[in-house]
Amino acid sequence: MSIDRNARLREVRSWGDYFHFSVSAPEVGREARPGQFVMVKVAEGPAPLLRRPLSIHDAGAGGIELFFKVAGQGTEILSRKRPGDRLDILGPLGKGFTVSEAMKGKRAFLVGGGRGIAPLFFLARELGGRGVRTIVFYGGRSVADIPLREKFGKAGTELLSSTDDGSFGFAGLVTGLVGRELAKTRPDIVYACGPDAMMKELAGIAAKHGVPTEFSLESIMGCGIGACWGCVHRIKSESGDGWTKICEEGPVFPGELILWP
Amino acid sequence: MAMTRNSVDLTADLGFLKLRNPVLAASGTFGYGLEFESYLDLEKLGGFVVKGLYLKPREGNPPPRLVETASGLINAIGLQGIGVEAFSEKVLPKLRHLKTPVIVNVCGDDDDEYAAVVEYLDRHEGIAAYELNISCPNVKKEGLCPALSPQATFDLVKRLKASSRRPLITKLSPNVTSIVEIAKAAEAAGTDAVALVNTFLAMALDLETRQPKLGNVFGGLSGPAIKPIALRMVCQVASRVRVPVIGMGGITTGLDALEFLVAGAAAVEVGTANFVDPDAAVRIVGEVERWCEAHGVAAVREVVGTLKVP
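Chains A and B are the protein sequences, given in the same order.
My numbering puts the first residue of the first sequence at 1, with every later residue one more than the last.
My numbering puts the first residue of the second sequence at 1001, with every later residue one more than the last.
No lab work stands behind these hints: they were computed from the structure.
All clues given are correct.
Label pairs and their calculated CB-CB ranges:
# : chain 1 : residue 1 : chain 2 : residue 2 : range
1 : A       : 71        : B       : 1286      : 34 to 42 Å
2 : A       : 83        : B       : 1296      : 42 to 50 Å
3 : B       : 1149      : A       : 12        : 55 to 63 Å
4 : B       : 1286      : A       : 188       : 50 to 58 Å
5 : B       : 1209      : A       : 26        : 39 to 47 Å
6 : B       : 1211      : A       : 195       : 12 to 20 Å
Just a few of them, taken from the derived set where beta-carbon distance is under 10 Å, the chain A residues facing chain B:
#  : residue
7  : 45
8  : 48
9  : 49
10 : 50
11 : 219
12 : 223
13 : 224
14 : 225
15 : 227
16 : 228
17 : 229
18 : 242
19 : 243
20 : 261
Where a beta carbon is used, it is the ideal one built from N, C-alpha and C, also for glycine.
Whenever a hint applies, use it, and build me the whole structure from the sequences.
Take a look at the structure:
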């Protein structure tokens, strides 16, 4: 983990409110693991004050990719950055998804809801490189909310899409699509990132099939490094089911340990 | 020919404690110090104040715990923390090698708990002073908060001063009618210094749902938004007490820090800025030094209390 104050935005792609950034940040890129995040400064001055936590969408020796949806003032300012602009990036931070050589030949489901698809591209690529067979489930409200479907299609992973309004792919919630596939194929693990309601539902479905899960939680964050104790979620632990810091102990947790409100 | 740079004397003097420089990291924004080791050299700080400690681990408030506001941050963490035992056994041994003074922020639900925390910590080495957190606005029993009454402040500080083997810094709440009265009560009870200000009681709500944005409804506002009010309070208190004043509230740059020194603070604490840039406190030390160089100030102590009111 480091602070790269001279990261450069190389390329911007956008689909409505969704943005894909390619960022030159070699050190962050080299250290990053799937499921980790960065804290991005959006303004030089005090407004908005805090950095924004963003999932690492992909990473390599040259830098990282980010994928985010404009959801407020911070991401709106960020979305107006242009290629060549300097970015100030703190990271990589947090504990990511389990990816190991021992998983060769296993089968994994990767489930992303809306902007929650962000960390799953990096994960799919890393798993694929280790001989894990992956199916990516990509859900959104409408076809406009699943803009990365072509990118995943080209990445050598199987992709199943769903839209709540039926405008593309499976008509209904992505959890319905996952449930349908689980009845046919039992994966060795389910990874997910998306709205709490989606992950809560998914936890139930996976438990019914006895499949372990890893979910990436989202939160407002003050610092991203475990100092402010602002981003907590209830996680089961031997020392009691206390408020656990998402930034430091997560953002990825075994789904079985996440307690939903 | 190499330029020889006149080095500025950055040392600060709290009487009971000499600091390498006047910039400390503030409690509640700096974890237990260790979280920041990857980002800055703890030895370059004047000191740091670790997160508030109660006798037992504390669960804190339900989320959401943070909301960003215009140039500010409202927090309602509720002082979640590991308690004195885990701190003394797991954290303190990792801090003891530091030459930088480690100050412990002491909390309590009542006077007995403050006394018990101090008694416990008194048995452990590696602590330079205690900062009494009599002022956190996020804990439920806010009506009993000693910072709200001069008499309660006096009673608590007097009791702890008699029992503690270490210097006491009393950290004051701005959520009072007269912060000067509270500061004077702490001074009369024997506090070795006062630190101000803690956060301002505040709230944010969602207009569409008409719900508060914090799980605890109210929280404490910090960040650049509060700096002018904090500066005014430091100025008022510094002119009315003889004990050293540690100033804080929205300090983000070296120039902010210097303004607090001019207003009468002997040292400053950097808080919310640590969240934005984990190396902010060290950057601020450098900015203070460069300003002094540029202004022919040989020792930063010379700046303290130099406000010129025409």
